[in-house]
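Student: Top to bottom, those sequences are chains X and V. My numbering runs 255 ahead of the 1-based position in the first sequence. My numbering runs 151 ahead of the 1-based position in the second sequence.
Since the hints were made in silico from the structure, they are not lab data. A few of these clues could be false.
Lysine-lysine pairs mimicking DSSO-like chemistry, simulated, CA-CA at most 27 Å apart [said to hold, decoys possible]:
| # | chain 1 | residue 1 | chain 2 | residue 2 |
| --- | --- | --- | --- | --- |
| 1 | X | Lys312 | X | Lys258 |
| 2 | X | Lys258 | X | Lys310 |
| 3 | X | Lys258 | V | Lys208 |
| 4 | X | Lys258 | X | Lys326 |
| 5 | X | Lys258 | V | Lys219 |
| 6 | X | Lys326 | X | Lys310 |
Sample of chain V residues at the chain X side, in silico, Cβ under 10 Å [claimed, not checked]:
| # | residue |
| --- | --- |
| 7 | Thr159 |
| 8 | Phe214 |
| 9 | Ser242 |
C-beta atoms are modelled at their ideal positions from N, C-alpha and C, and glycine is treated no differently.
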Amino acid sequence: DVKVTQSSRYLVKRTGEKVFLECVQDMDHENMFWYRQDPGLGLRLIYFSYDVKMKEKGDIPEGYSVSREKKERFSLILESASTNQTSMYLCASSPGLAGEQYFGPGTRLTVT
Amino acid sequence: GQNIDQPTEMTATEGAIVQINCTYQTSGFNGLFWYQQHAGEAPTFLSYNVLDGLEEKGRFSSFLSRSKGYSYLLLKELQMKDSASYLCAVSPRAGYSTLTFGKGTMLLVSP
């Protein structure tokens, strides 16, 4: 059974804190993605990675960075959290860059 | 550029049939996905169309017309558990491109 896991379901952080969101997949997929999902805006791609140590900006990369040191793990970093980064964050992986994506359960981040 | 349109909300009655439309304008096309997302949960895969026509899978069917840039998801014999958001996603031409998601259609099934 395919599995994408995320480190936390719910997270509360203060403005200015550095935040790490972790994602792990056990399907040996080359590609991994980070999205945020907000009411009325749908899924928006933040960053994606098509190989270890490779990363590409998505549609809304500002205020975020990523790290992919191992194939199975893709981390999203908020260098200095702000209230407008309060959102649901979804990680996904896929065998092909434009193919079916498998999603993790999501992390609901609140920045106060 | 990429543009995907879906209705924001739809309502239907238990046992009925509902059709959720998706129109797209993208710089390339390699296939179309439908995902289901229950509130507070991750999207889960429903269907994938790459050729024109209807793909049937139990109570759910998905249709594609590439010439019209149009797809629909058909849900039959609606159940309360079908209340969810339904996301249309287009797979662009191969290369360093990823899925483009629509904003989703919230379906509410009432008794």
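Student: The structure should be examined with respect to each hint, and the outcome stated for every one.
Tutor: Tested hints:
1. Lys312(X) <-> Lys258(X): OK: Lys312(X) and Lys258(X) at ~24 Å, within 27 Å.
2. Lys258(X) <-> Lys310(X): With Cα atoms ~22 Å apart, Lys258(X) and Lys310(X) stay inside 27 Å; holds.
3. Lys258(X) <-> Lys208(V): holds (23 Å)
4. Lys258(X) <-> Lys326(X): holds (14 Å)
5. Lys258(X) <-> Lys219(V): The hint is violated at about 36 Å.
6. Lys326(X) <-> Lys310(X): holds (12 Å)
7. Thr159: This hint holds: Thr159(V) lies near chain X, its Cβ roughly 8 Å from the closest one there, short of 10 Å.
8. Phe214: violated (19 Å)
9. Ser242: holds (4 Å)
Comparing the model with each numbered hint stated earlier shows that hints 5 and 8 do not hold.
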